[in-house]
Each structure stands twice: as C-alpha cells, then as structure tokens.
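Asker: These are the residues of each chain, in order.
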Amino acid sequence: MDSNKKKEQQEAPAELTSGLVAGASLILLASILASLLFGPVSIRPDRIFLEILNRLPGISLDSGLSTIQEAIVWDVRLPRIILGLIVGGLLAVAGASYQGVFRNPLADPYLLGVAAGAGLGATIAIVSGATNGEGMFDALPIAAFLGSAIAVAITLAVGGAVGRSTSTASLLLAGVAVASLFTAIQTYIQQRESATLRQVYSWILGRLSTSGWDEVLMILPYAGISLIVMFSMKGALDVLAVGEEEALSLGIRPRRVRWIVIGAASLAAASAVAVSGLIAFVGIIVPHAVRLVVGASNRLVVPLSFFIGASFLILTDLLARTLQSPAELPIGVVTAFFGAPFFLFVLRRRSDGII
Amino acid sequence: MASYEPLNIQGLEVELGGKKVVNNVSLSVNSGDWLSIIGPNGSGKSSLLRAIAGIISAQGKVHFQGADLMQTEPRTRAQIVSIVPQIPVVPPRVRVIDYILLGRTPYLGRGFQPTQEDTSLALSVMEDLDLHDMADRFVTEMSGGERQRVIIARSLVQQPNLLLLDEPTAALDMGHQQEVLELVDRQRKRLGLTVLSAFHDLTLASQYGTSMALLVNGKVTKSGFAHEILTETTLKNIYGANVSVHNEGDRVSIVPKRGNRLKGNSNSNDIG
Amino acid sequence: MVPKSGLIPALSRNGNNAEAFEPGRVHLKTNILEVRTSSLLDTQSASRLLPEGGYPMKIFKVLLPLTAIVLALGLMSGCSSSSTQVVATGQATTTDSSQQMESMNEVDVTEQLNAAFPVTLQTPTGDLVLVDQPTRILSLSPTATEMLFAIGAGDQVIAVDDQSNYPPEAPTSDISGFSPNLEAILALEPDLVVHSYLPEDIEQGLSNVGIPSLTQYAATSLDDTYLQITQLGTATGASAGAESTVQEMQQKIDELMDSVDVPDGSSLTFYHELDPTYFSVTSSTFIGQVYALFGLTNIADEAEGAGSGYPQLSEEYILSQNPDLIFLADTKCCAQNIETVTERNGWNVLSAVIEGKVIELDDDIASRWGPRVVDFLEAIASAVEQMTAVETIG
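Protein chains in written order, with this note's numbering: chain A, 25 to 379; chain B, 15 to 286; chain C, 535 to 928.
Think of the hints as simulated: they come from the structure by calculation, not from any bench.
Everything numeric in this text was worked out from a predicted model, so none of it was measured.
There could be a bad hint or two in this list.
[Unchecked claim] In silico SDA-like cross-links for lysine to any residue, where the CA-CA straight-line distance does not exceed 20 Å:
hint, chain 1, residue 1, chain 2, residue 2
1, B, 271, B, 251
2, C, 866, A, 216
3, A, 29, B, 135
4, A, 31, B, 130
5, A, 29, B, 151
6, B, 33, B, 54
Excised from the complex, chain A in its bound form:
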C-alpha cells in the first residue's frame, strides 16, 4: 500500500497543491505576526495580540496599549508590513518570471534597465526638490516609475530591433547598455548636486518607507495587474523552458508570451522600485530557494515565490529595524547580506552540476 502511494507521488506531475499553498500562507502569516509583535520598541506581545482581536469586527477589548503604542502598531508597523508584503511578493514573482522567460536562473527583475531607470528618475526628482507632493501624487515614486518605464522601453526597442527580434541575448545586452547609460547620467547628476547626495544614496539602498498607507495605495493597482498577468503565464513559462522553436511546436506563441511576461514583470519591478528604492537580491534568492524545495515547475515556483518573497522581505525589514535599534539599517543592506552567501551557495551547486 505504502509503496504504491509512493509510486503515485513520484509519477504525479508537478502541481500546486492546496497543501503547498496552505504551508506558504502559514509562513507568510507567521512573518506578519512576528513583524507586528516585535520591533525596536518593545511592546508586550500579548497586549498587541489583544489589540488585534480588538480590531476584529464585533470584538471590543481593552488591550492595555497606550495611544502611542497603538499608533506604533497600526500606523507605523502595519502599513510597513503590508508594503513589504507587496514589494517582496512583486520582486520575487517578477524574478521568477524573468528567469523563466530568459531561461536563466540568474536573471533578476532589474535586468532590462528597471533599476537604472528608476534610479535616474528618483535622482532627478530629489535633486529638483520635487519630492514632496501630496501623498499619492508624490513626485518621487512617479518619477522613478517613469524612469523605469522609459529605460525598459528603450531596451525593448533596441534589443528587439537588433538581431532577429526573437533573441533574448540581444535583449539582455541592450539591457546592460541602457543600464550603464542611465547609471552614468544618474551618477553625473548625483555628484553635481552634492546637497542632496545623502537623500539619493539613501533611496538607492532601499527603504520600506512609511508615510502611512500612501505607498501601499499607490502601488496596489500596478501590483494587482502585474501579478494577475504573471500568474496566468506561469504554465506557458514551463513550455518556454524547452526553447522557442520547440515551444512553438507544442502549440504556444513564444514571442507573445515573452513580451507579455517581460511587460508584466517589468511593471512589477518598476512599481516596487518606485516606492521602495532598489532592494536587491529578493528577485533572485527567493525563486531559487523555492525551486530547491519544490522543483523547477513554474506552475509552483511563480505563485509560491509570492508568499515566500513577501515573508522574506517582511522578516528582513524586521531585522533592518531592530538589529541596530533604535537606528535603522537600509533594507538593501540586509537583503544583500543574505543574498551574497546564498549566491555563492548556488554557484557551488551549479559547478557541481546539480543545477
């Protein structure tokens, strides 16, 4: 009986089972909870628990928290956690999608000039002092997003025009070229405007900023659209894995899938960068880790990356807030600290021929 079941499991195709989803959701919930309960300011976790219950409809409790403590939990921690959830999820899914499209496990969502474009846009906004509009119309995220969009558009136009327009290699090269150009311009502006240097640099290192819920609201529509598209393309990515010719012979349209996925993933990465700066490594570490556990099928990797990416960023943000309490570390530093050793680990496995 047992060996039959085992055989069944072995022979079963890759599938996103409800078990996997449940497990991933649990991890996410645990991360959210941990981040709510802990922080540089110690507030009794049991009181926070009561407060959470209190906020549920129909329940009214006195949690014993002071007004300021309540403000910390609901107005400072929670928006930040939710933003981290969205940004982490976006970057991880975008990373998984890019890796599927380019058939390269080292592709990251910043590849086609997203990062460089956002950096330039943000620098221009900061330097011109336009960074403090009203909440949702704050110029900085908009400028960063526009910068990303323009950079990616140039990359796609140039990379697509060169070569036979189906070659991913020319896209990648174009991305490198565009990124170098934009970075050069950004560095030039940055060093010219010494007064704002710290602001620019601080933005570049990444930060889950918390002007309340503004960033969350701003990013929500883009996050929603791009996630829906990327999720719907996960199966097609599996087919793309055998190359464009074979994928075509199997009945999908590889070029169309490629553009759609690149478009959605770039949108996801650009909007993440626009609100939180350049948080590196999430797009690479998380899909890789997921693949090590559940295998390479994008039908699993793409959705699970969302949960794990969200959890990862929420937890690294918790570290960023508390490691040097009450000072903050830029979150890009913490993710890089995890990223670099992980990269080495992955490279070792590659050279062993395992990946």
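Put chains B and C on the given structure of chain A with help from the hints.
Answerer: This is chains B and C only, laid out in the frame that chain A set:
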C-alpha cells in the same frame, strides 16, 4: 482516426542567411505512410521538417487533413503535427514526467495543468518506450539513449496525426534504435499516423520508410521507393561513398566497401 | 558594493565633511608654505590650464564615477574622527593665536593692516604662513563664507562655492566645495583658499602652484567656532572685526542662556530631524552640542552605537520616545513643515504635535557653525521658553 487525405507539400521554400536551404520542394505522402528523407549533410533535411512543423518561417503550402498547416494557428497545428527535434533543449531540474507531459500542452486549459488522463497516457507511452520508473528523475540525469526516448515519448503524447522525426536515432544503440522505430511503426499502423523522418542511416531509412525522397542542396532530386533511389552509382555521386547495395524485397541494406577509396595500400599508417 | 552597517550621511547640505574620506588620518605636513601673492601664477601657464569652452567629457567620465565611488566610501566611514582632529588642533591654535593677537595689539594694527603680515596660522594640515594680506579669497565652505563676511572681510572675497548662499551679496560661483575642479579654482587666481575639506589631489595641486589653503574643519563646539572666526580675522587682517564678531556672539548667547530657565530636575527631550527618512544627529556632533547647552536630552543618543553621529532612527522609536520638542531641519531641502509632520501616519498622537511644539528651522542655519549659530540658538531658546512657560502655568 486520421483522414485519408495525403500530405501535400507545394513549393516549400526556406531562406536562411540569404540562401535557400529548402528550394521549391513539392512532395506528396499518403496518409499512414512513412517517408524517409535522406541526403548529405547540409542538404536541408532538418529545415524541411521544421518548416513543415511550422516552427521556422517558410513560404509555400502544406496541405494536410483539409487545412494548410502554414496558415493554422499554433495550438491547433500542435494537435496535428509533432516534431522530434534533432538537438532538443533539455532544461535543468525538470522531471521526466513533467517534460513528457509538455506534449499535452495543446490540449490543456489555461492553467496548463495536466489531468489524470493526461498522466495515464504519458505513463503508458513511457512503458512502451522502456522508460519504467523514470518518471521522477531529472531529464538531465538520463543517458543519451534514455533521453532520446523521453523526447520521442513527448511527441507521441502529443497524439499527432503527422509525426516528424529529425534524425531520431542518432544517440541510440542498435537495440534501442529498433525498439523506438518499431514503436513508431506500430503507432503508425494502429493509428494511421503519417510519418516523415530525416535519416542519417540509409539502411534504417529504407527498412522503416514506405517511400523515400533524396534531398540535395534543398531540392528533391529523387523520390520514390528505396530500392529505386539507393543505387551504388547514386550513392557514390551524392555521398562520395563506395558501397554495395543489397536488396531484400523492397528493403535495402547498404554496406560500405573498403578499398579503392584511399589511394595506396591497406598498410598505410593512418588506418586505425 | 555593500556598505557595512548603517548609512552615515554627509554632515549637512554644506557638504563640507572634513575627514570623511580619510578617517583617522592625521595630516602631518610640517613644511611651512611660503607664499608670495604677486607671483602666484604665470599668466601663460594659467591659460594653458583652461581648455577652450569648458572641460572635455573624458575628464567627466573618469572623474565622476571615481568621485561617486570615493564619495560613497566616504559617506560610509563617517566623520567622527574629525572631532578629535579639530579639538586637538583647536587647543594648539588657542595658545598661538592668542599669543599672536597679543603681539599684534602691541604693534599698531588699526592703520597699517599690512604691518600685521606675514602671519603664521596653525592649521590641522600644518603651519600656514601668509606673507601678504590676501585680497583674492576663495571660500569653499559656506560657513567660512558667512564668517568672512561677518568679520568685514567680504571685500577681500572674490568667489565662494555654489552652496554658499549667505549673505546674499556673496559672490557665488559654480565651483563645488564638495567636488571642486582644480582648474576652475586656479583660473580665479586666488591668493587664499578657505575650506573645510579638500580632496588630496586638489590640496596638492594648490600647494604645487603655491596657493595657500586654509583648512577649517567642521566645528564640534562653539569654542571651535570662535577660534575659526578669530583665525580668519588673523588671516585676512580683519582681526578687529573678528574680535567684535566673537564678542557679539558670546554676548548674545549669554543673554539667551540667561533668559531661558530650564527647570531643575526636568529634562526636556527633543528630536532633531535632518530629513524625512528620519536621519538625526547625536550629541557627539556640533548640532547636538548646541542643544546640550540648554540641557536638552537628545532622543537620538540611544543610537550612538550605530556609527558616526548621524543615525537613521526608526519611526516607531521616535514615536515611543514622544519627544517634547521636534526640530525640523529639512524645511528647505525636503519641504517639511508642521502640516506635513501632522499628516504623518501615527504622528498625530505625539504631544509635540498636539501642543504645537514642532519647530521649523532653516536648514542652513541649523547646520552651519558660523555667526548665524546664534539664530539657531535663538530658535531653540524660544522653543524651550514656551515649554517652560506652559509648564509653569500648567
């Protein structure tokens, strides 16, 4: 079941780098037949097959079962014609069962998730191809021969009416060569599959094909039956090889002849 | 490139961060620079230095990324070491300049300014001898600019850096005090360059050509400020002006301190904001020191361990501390004011916000250590007064 309309190729042309690698090819293959395409390296066999499969750009018409495959959209076309590539892409960390189930792509719904039926079909094809208990292994971990059979399994699982094989036996030992080709032949007879294959090995080409076409520089120079095309003179002219041809009914075996090819005696040093 | 721990921002929009690039390095040039103002630059060599119509893009492409990298490294290493530097040399300068002042008073200074020259100044980079009174001063430090004009040496200043925006009549140029261009400096033919930081190669370039450069690092206490003003007086021949400026400052500050009554036993807490991502200053900085004069407690001091004196505080920490006073030094750079602070999520529960104890400062005044530091003190004093007034009433 397949319909009885023949495969009708008209004026097929493929241009690569300014050169016509498939030059105005017209062929007809009866439904349920097996056409062996032979020709020296670079004659365009692979491009011809890929053009018929619709995966490279080409001019001309490919009529099959009431439709022009060149005008059919990919998903429908993939349910009709399947191609076993010469050099397949093998993605890392993909399990055999998942890889073979990619062949069900043209039949799957939005989520591209295979059903229980799809899985059973894949498993039975694997049995036929001597791939028992390999479902969970990575394709990259398989030997050359096993891998070739896995790829053929994928094509068969696609349930095509037209099967295109591009040098399908290159990596296989004799036993597995026979096994695979016998399987394809059985499917062909059972399901009325039409098969086109490009062959390196002329003996195999004549043994399994029901008709043959000789492709030289992108043009069909001879077509008909194996014993008509495979003559010692033709082979000498086309391949530059000295062979002796042995006919067994309408099957032919080709045996290379040693001797006159190398000027000088057989004691010369460069003979292994 | 991954910075180590925390991000240490530049000191101020002043951008003059003395030891940022070479932490702990002590300049031990002991050679005395002799300068003759008349033979500074060969006019021919000057024109050779300046290409027509500007600077070739090649220089930019190499200098800029390098500068950026160096800047980045510098920002990482912070500027805490500068305090030790200045304190050490500050003490040395005290004895010397006061001795000098005494000897100068013995000579008749008021009529013959030139009789005061040559002067020897003790600087962190060694002794600096000025042979003649400088009349073509280039200031690359906004604070030094303010000091020069305050002491009455403004007429001797031919150019100031692009960030020197006070006083309005200061001749602002395009030269960046942060990443200056040597050729642009030389083209002005200055006979004295005053700065709070210069890259090594610029220093070298100036000394090669024989242009004296006076280094005045960012102050860490009011005493440093007085010393620097006095030194500038000596350097420019405006000693009298310097003396009176210092005296005025001291007087005003004493008045302010007297007028403010910090109640015993109660210590008001405050938060000083450098930018809307919650960068602040600890008491180890000049700004922090100024607040300390009033006996105020800085909530950022908890984060001293994080590095230089400029930690980035976490928002929830600021809220939990509920500072009595909030000082905004990002009103100009980042458009922060009472309204924007009130709108921040969760900040409306802070007592400082509720009771209107959010004080908007001028970014420049709150970051420079020149004569206008008095204005800074004034702002703090009035805030403290209001607090204590409320307390005595309530």
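Asker: Indicate, hint by hint, whether the structure satisfies it.
Answerer: Hints, verified against the model:
| no. | hint | result |
| --- | --- | --- |
| 1 | B/271 - B/251 | holds, 15 Å |
| 2 | C/866 - A/216 | holds, 18 Å |
| 3 | A/29 - B/135 | holds, 19 Å |
| 4 | A/31 - B/130 | holds, 15 Å |
| 5 | A/29 - B/151 | holds, 17 Å |
| 6 | B/33 - B/54 | holds, 17 Å |
The structure meets every hint from the earlier list without exception.
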